[in-house]
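**Q** Take a look at the letters that make up each chain.
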Amino acid sequence: MATQNSDDSSASSLVKNPMIKFTKLFINGEFVDSISGKTFETVDPRTREVIANIAEGDKEDVDLAVKAARQAFDHGPWPRLPGYERGRIMMKFADLIEENVEELAALEIIDGGKLFNMNKAVDIPQAASSLRYYAGAADKIHGEVLKMSRELHGYTLQEPIGVVGYIIPWNVPSIMFFLKVSLALAAGCTMVVKLAEQTPLTALFYAHLAKLAGIPNGVLNVVSGLGSTAGAAISSHMDIDAVSFTGSTEVGRKVLQAAATSNLKVVSLELRGKSPLIIFDDADVDIAADLALFGILYNKGEICVASSRVYIQEGIYEELVKKLVEKAKAWVVGDPFDPKVQQGPQVDKKQYEKVLSYIEHGKREGATLLTGGKPLGEKGYFIEPTIFSEVKEEMLIAKDEIFGPVMAVAKFKTIEEAIKRANNTRYGLAAGIVTKDLNVANTVSRSIRAGTIWINCYFAFENDIPFGGYKMSGFGKDYGLEALHKYLQVKSVVTPLYNTPWL
Amino acid sequence: MGIHNSDDSSAATFVIKNPTIKFTKLFINGEFVDSISGKTFETIDPRTGDAITRVAEGDKEDVDLAVKAARQAFDHGPWPRLPGSARGRIMMKFADLIEENVEELAALETLDAGKLFSVNKARDIPHAASSLRYYAGAADKIHGEVLKMSRELHGYTLQEPIGVVGQIIPWNYPSVMFFLKVSPALAAGCTMIIKPAEQTPLTALYYAHLAKLAGIPDGVLNVVTGLGSNAGAAISSHMDIDAVSFTGSTEVGRKILQAAATSNLKVVSLELGGKSPLIIFDDADVDIAADLALFGALYNKGEICVASSRVYVQEGIYDEFVKKLVKKAKTWVVGDPFDPKVQQGPQIDKMQHEKVLSYIEHGKREGATLLTGGRSLGEKGYFIEPTIFSDVNEEMLIAKDEIFGPVMALAKFKTIEEAIKRANNTRYGLAAGIVTKDLNVANTVSRSIRAGTIWINCYFAFDNDIPFGGYKMSGFGKDYGLDALHKYLQVKSVVTPLYNTPWL
Chain A
1234 MATQNSDDSS
1244 ASSLVKNPMI
1254 KFTKLFINGE
1264 FVDSISGKTF
1274 ETVDPRTREV
1284 IANIAEGDKE
1294 DVDLAVKAAR
1304 QAFDHGPWPR
1314 LPGYERGRIM
1324 MKFADLIEEN
1334 VEELAALEII
1344 DGGKLFNMNK
1354 AVDIPQAASS
1364 LRYYAGAADK
1374 IHGEVLKMSR
1384 ELHGYTLQEP
1394 IGVVGYIIPW
1404 NVPSIMFFLK
1414 VSLALAAGCT
1424 MVVKLAEQTP
1434 LTALFYAHLA
1444 KLAGIPNGVL
1454 NVVSGLGSTA
1464 GAAISSHMDI
1474 DAVSFTGSTE
1484 VGRKVLQAAA
1494 TSNLKVVSLE
1504 LRGKSPLIIF
1514 DDADVDIAAD
1524 LALFGILYNK
1534 GEICVASSRV
1544 YIQEGIYEEL
1554 VKKLVEKAKA
1564 WVVGDPFDPK
1574 VQQGPQVDKK
1584 QYEKVLSYIE
1594 HGKREGATLL
1604 TGGKPLGEKG
1614 YFIEPTIFSE
1624 VKEEMLIAKD
1634 EIFGPVMAVA
1644 KFKTIEEAIK
1654 RANNTRYGLA
1664 AGIVTKDLNV
1674 ANTVSRSIRA
1684 GTIWINCYFA
1694 FENDIPFGGY
1704 KMSGFGKDYG
1714 LEALHKYLQV
1724 KSVVTPLYNT
1734 PWL
Chain B
219 MGIHNSDDSS
229 AATFVIKNPT
239 IKFTKLFING
249 EFVDSISGKT
259 FETIDPRTGD
269 AITRVAEGDK
279 EDVDLAVKAA
289 RQAFDHGPWP
299 RLPGSARGRI
309 MMKFADLIEE
319 NVEELAALET
329 LDAGKLFSVN
339 KARDIPHAAS
349 SLRYYAGAAD
359 KIHGEVLKMS
369 RELHGYTLQE
379 PIGVVGQIIP
389 WNYPSVMFFL
399 KVSPALAAGC
409 TMIIKPAEQT
419 PLTALYYAHL
429 AKLAGIPDGV
439 LNVVTGLGSN
449 AGAAISSHMD
459 IDAVSFTGST
469 EVGRKILQAA
479 ATSNLKVVSL
489 ELGGKSPLII
499 FDDADVDIAA
509 DLALFGALYN
519 KGEICVASSR
529 VYVQEGIYDE
539 FVKKLVKKAK
549 TWVVGDPFDP
559 KVQQGPQIDK
569 MQHEKVLSYI
579 EHGKREGATL
589 LTGGRSLGEK
599 GYFIEPTIFS
609 DVNEEMLIAK
619 DEIFGPVMAL
629 AKFKTIEEAI
639 KRANNTRYGL
649 AAGIVTKDLN
659 VANTVSRSIR
669 AGTIWINCYF
679 AFDNDIPFGG
689 YKMSGFGKDY
699 GLDALHKYLQ
709 VKSVVTPLYN
719 TPWL
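Those sequence lines, one after another, are chains A and B. Going by our numbering, the residue at position 20 of the first sequence is 1253; the numbering climbs one at a time, nothing skipped. Going by our numbering, the residue at position 291 of the second sequence is 509; the numbering climbs one at a time, nothing skipped.
Worth double-checking, as some hints may not be accurate.
[Claimed, not checked] With the C-beta cut set under 8 angstroms, the calculated list includes, among others, these residues of chain B facing chain A:
#: 1; residue: M367
#: 2; residue: G592
#: 3; residue: S664
#: 4; residue: T671
#: 5; residue: W673
#: 6; residue: P685
#: 7; residue: K696
#: 8; residue: P715
#: 9; residue: L716
#: 10; residue: P720
[Claimed, not checked] With a straight-line cut-off of 25 angstroms between C-alpha atoms, the simulated SDA-like cross-links for lysine to any residue are:
#: 11; chain 1: B; residue 1: K286; chain 2: B; residue 2: D268
#: 12; chain 1: B; residue 1: K366; chain 2: A; residue 2: K1380
#: 13; chain 1: A; residue 1: K1625; chain 2: B; residue 2: K545
#: 14; chain 1: B; residue 1: K546; chain 2: B; residue 2: I522
#: 15; chain 1: B; residue 1: K573; chain 2: A; residue 2: E1483
#: 16; chain 1: A; residue 1: K1373; chain 2: B; residue 2: K257
#: 17; chain 1: B; residue 1: K545; chain 2: B; residue 2: D567
#: 18; chain 1: A; residue 1: K1380; chain 2: B; residue 2: D683
#: 19; chain 1: A; residue 1: K1653; chain 2: B; residue 2: T714
#: 20; chain 1: B; residue 1: K366; chain 2: A; residue 2: G1369
#: 21; chain 1: B; residue 1: K598; chain 2: B; residue 2: L575
#: 22; chain 1: B; residue 1: K473; chain 2: A; residue 2: Q1391
#: 23; chain 1: B; residue 1: K655; chain 2: A; residue 2: S1481
#: 24; chain 1: A; residue 1: K1644; chain 2: A; residue 2: K1612
#: 25; chain 1: B; residue 1: K473; chain 2: A; residue 2: M1471
#: 26; chain 1: B; residue 1: K473; chain 2: A; residue 2: D1633
#: 27; chain 1: A; residue 1: K1556; chain 2: B; residue 2: T714
Keep in mind that the hints were calculated from the coordinates and are not lab data. In this text, a Cβ means the ideal position worked out from N, Cα and C, and glycines have one as well.
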């Protein structure tokens, strides 16, 4: 195995061991202990050691946060400010994030095992750019004046929906935090954000920066805690108007049910995926291999749109598989602070064991293990990049989202077969196509039932591109101007017209 | 009491007082078929309580068949693959056929639901046809966007039909509701299973027949009549339905959302109950305001989700208004809906009749003042007197719950702030009305009430263009307007890198 643990300590030690300054709940502009006084541990996945004790919010803390958010919405300045003013404050918030990029990036390493140089160059700047994108949209939220068929003057108002609950995942904590928060801020809503218990650190830092930026008390509240308590309290709260959840399909169901039994709050869900990458004969083998590995190993496979199923047309199959295995064996797994490392540890024990268990399934189900398949090292939650071939859609490793560095490869003959196999899943989050042929690209992109199709690229996210699943990958869009609709309600106002020259 | 039953048999001059019931079976994959179980259920004439006919009772197995047909039609049939303009042409033909049969359809709905024949013929059925035409014209105007990016990427969105949709429609406006749901789904290229309310199956089955005549391909539009607890539940929990749209009670709305959560996470839109306030200010013309208030509470015998069931009148005109209101209510004509002189027909069925009377009893016990009405009318059928309570406060059940009958709850207010506070003091948020000539009052109050539709100096001003849907526990998702199409479309983003591009 050419994968190696890397202990290179060239990353500055100050950043390597960031101080953890914020460990309490942030409610109504103050950092407070949880009412129960309970705390929970957050663990460094590189070492399995506890790095901090974080306040554990429960239903009572959520109630307090909602009270603050409700007060801020019904009576506070935030929804009443011009969009322009909200935008100015959000821009300042983005500036503060960029000023603290190294510290924030480091926090996300020790919390989530993500790569330091990626966090610093991509994740944290993307968080700031989300804020700026929606800051610029805040004063461009328009209703319409309707042309009617009778003498009536009718128009629509786009009003902020109210108090919003966010339940965010642990895989890309900063990006997720701002993907959601920027939207609600721009629309003039107030919010209660429940952080993933695995990765609470950066969000609490952002709460501090929010206050510095001038976001009024009660607008942004952050509650760290467990999904089964704090998260459930949010989805079933009678005074939260909308909830947006990103995470597993199982929990997504619970969130929707809780909405149904409580106050019928508006729900949007971004759930699991088992996204296919389809590589045609005319692809450049080297580039395709890089793309496929990137698609499954990026962020240690802990990304909902990972291209966990790779379909390769028979013409280039042998050559591509050889290249894939060669590149996978050279993949550097190790300390995410080390700039040479390409893959850090899985986020925690539970995920680590789950991925290893799926690998065992793969072996038992009769797929061929081409490389990897084993944990790496004694400490931490490292797993070798793993590739199975001869995978069929009935196998568990082709059906379930593994959320780890495990690729399932299969060979196909015709374009129709590729489409059929790609769609043979209950999910529909994303898909990738590698071909130079215009017509193949058009046919396949139209045919795959998924919310985002990447042609000759992967993970091409942008502030402008709506993102969200088909089928059981959820509903509702993030990114793009579309996403604002989740936080706005349309009110129609109608008055009769008298003595009007025209309709 | 000036209210009278009308037995005027000059109504016999109307062409179709006793229409023949031609369609009583399920409509699946282009054919009228019995339910698999062979079971049927009665549909009742609310003027008499007698059965009109028996209709096939669809159950889970029938829904499965219908979904199979709709899935085949969606995945492999022509409908989603036609240009929008071609779908539009067929929808226009469908609208023509509806208009050709307006009298028969209007009569069926009068018989089935106790709705006024003259209103059905002049408004409801023509409105159904106009829904179809509106969305027929939109079918070829469903565009995605090309995105301006911040990197060298070519990105665009496609608006794709979401797939097989389930539509569970209520009994108060059978034709209007049928086409409110069906028209945007047809325009978007979806295929569908419609479950009409068990109280009012007749016109829906007729529309299925007309759909086929118009050229809508087999399997695109399926109608399964049956009980909500069986056929309706089968739809909301079906693993192969992509979206469900429901109009009805809040209690059933909850069940539908839960069923979606435990089945396949289908997209849900809900249009639920309301307890809409009508706020009348001192500068209102008292006569016009009284007419509007009565209209708002009694139209369609109060069986309308946006009924202005709470009326707040500013103290300056309160006494004069109440006097006029009660006088007009006492002359309100309740009777046979086929009679053109009648303004209010019977409630839809025994259950609703009893529910309304029970709320009236609550009102009396809760200490509200009964100004007029309050009793059942006649021996046969489900008629109720127009009923007005005053001195109502928001803690009373008659101010909290949706009664869905000819019962108005009246209260006096002093200031604009008080009116707003009391108007918003409800878990619902469907609609609201404001009567004033003052521009600033109108602006302030319309901005302040948390409801999805605000009518200023009018009520029930629906139009094909105006998005309609609730705030708070009145539901989510819009009907009417181009907005309504979004329920039946899914956005797909497609991204490719750009090389050698002159600009982004």
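**Q** Would you mind marking each hint as holding or not holding in the structure?
**A** Each hint, compared with the structure:
Hint status for M367(B) relative to chain A: holds, with the closest Cβ pair at about 5 angstroms, below 8 angstroms. Given the 8 angstroms rule on beta carbons, the hint for G592(B) is violated: about 33 angstroms separates it from the nearest Cβ of chain A. The closest approach between the C-beta of S664(B) and any C-beta of chain A is roughly 5 angstroms, which is under the 8 angstroms cut-off, so the hint is satisfied. At a threshold of 8 angstroms, the smallest CB-CB gap from T671(B) to chain A is about 5 angstroms, leaving the interface hint in force.
Interface hint status for W673(B): upheld, as the beta-carbon distance to the closest one in chain A is roughly 5 angstroms, under 8 angstroms. Given the 8 angstroms rule on beta carbons, the hint for P685(B) holds: about 5 angstroms separates it from the nearest Cβ of chain A. A distance limit of 8 angstroms between C-beta atoms decides the matter here; for K696(B) the minimum to chain A is near 6 angstroms, and the interface restraint holds. Hint status for P715(B) relative to chain A: holds, with the closest Cβ pair at about 5 angstroms, below 8 angstroms.
Taken as an interface hint, L716(B) does not check out: its beta carbon lies about 10 angstroms from the nearest beta carbon of chain A, beyond 8 angstroms. Interface hint status for P720(B): violated, as the beta-carbon distance to the closest one in chain A is roughly 19 angstroms, over 8 angstroms. As the CA atoms of K286(B) and D268(B) are separated by approximately 36 angstroms, the hinted pair breaks the 25 angstroms bound. This hinted pair does not check out: K366(B) and K1380(A) have alpha carbons roughly 29 angstroms apart, beyond 25 angstroms.
A distance of roughly 77 angstroms separates the Cα atoms of K1625(A) and K545(B); the hinted pair therefore is violated under the 25 angstroms criterion. Between the alpha carbons of K546(B) and I522(B) the distance comes to roughly 21 angstroms, so the proposed pair stays at or under 25 angstroms and holds. Between K573(B) and E1483(A) the alpha-carbon distance is near 39 angstroms, which puts this suggested pair outside the 25 angstroms criterion. At roughly 56 angstroms between alpha-carbon atoms, K1373(A) and K257(B) are farther apart than 25 angstroms, so this suggested pair is violated.
Between the alpha carbons of K545(B) and D567(B) the distance comes to roughly 28 angstroms, so the proposed pair goes past 25 angstroms and is violated. Of the supplied pair hints, the one linking K1380(A) and D683(B) holds, its CA atoms being roughly 7 angstroms apart against a limit of 25 angstroms. At most 25 angstroms may separate the alpha-carbon atoms for a hinted pair to count; K1653(A) and T714(B) meet this at roughly 22 angstroms. For the proposed pair K366(B) and G1369(A), the alpha carbon gap of about 15 angstroms is at most 25 angstroms, so the pair holds.
The hinted pair formed by K598(B) and L575(B) meets the criterion: a straight-line CA distance of about 15 angstroms does not exceed 25 angstroms. Distance check on the hinted pair: K473(B) and Q1391(A) sit about 29 angstroms apart at the alpha-carbon level, beyond 25 angstroms; violated. The straight-line distance between the Cα atoms of K655(B) and S1481(A) is roughly 53 angstroms, outside the 25 angstroms bound, and the hint therefore fails. Straight-line distance between C-alpha atoms of K1644(A) and K1612(A) comes to about 37 angstroms, which puts the hinted pair past the 25 angstroms bound.
Of the pairs offered as hints, the one joining K473(B) and M1471(A) holds, with about 17 angstroms between alpha carbons and a cut-off of 25 angstroms not exceeded. In summary, the hint linking K473(B) to D1633(A) is not supported, as the alpha carbons are separated by about 28 angstroms, beyond the 25 angstroms threshold. Using a Cα cut-off of 25 angstroms, the hinted pair K1556(A) and T714(B) holds, with the two alpha carbons roughly 24 angstroms apart.
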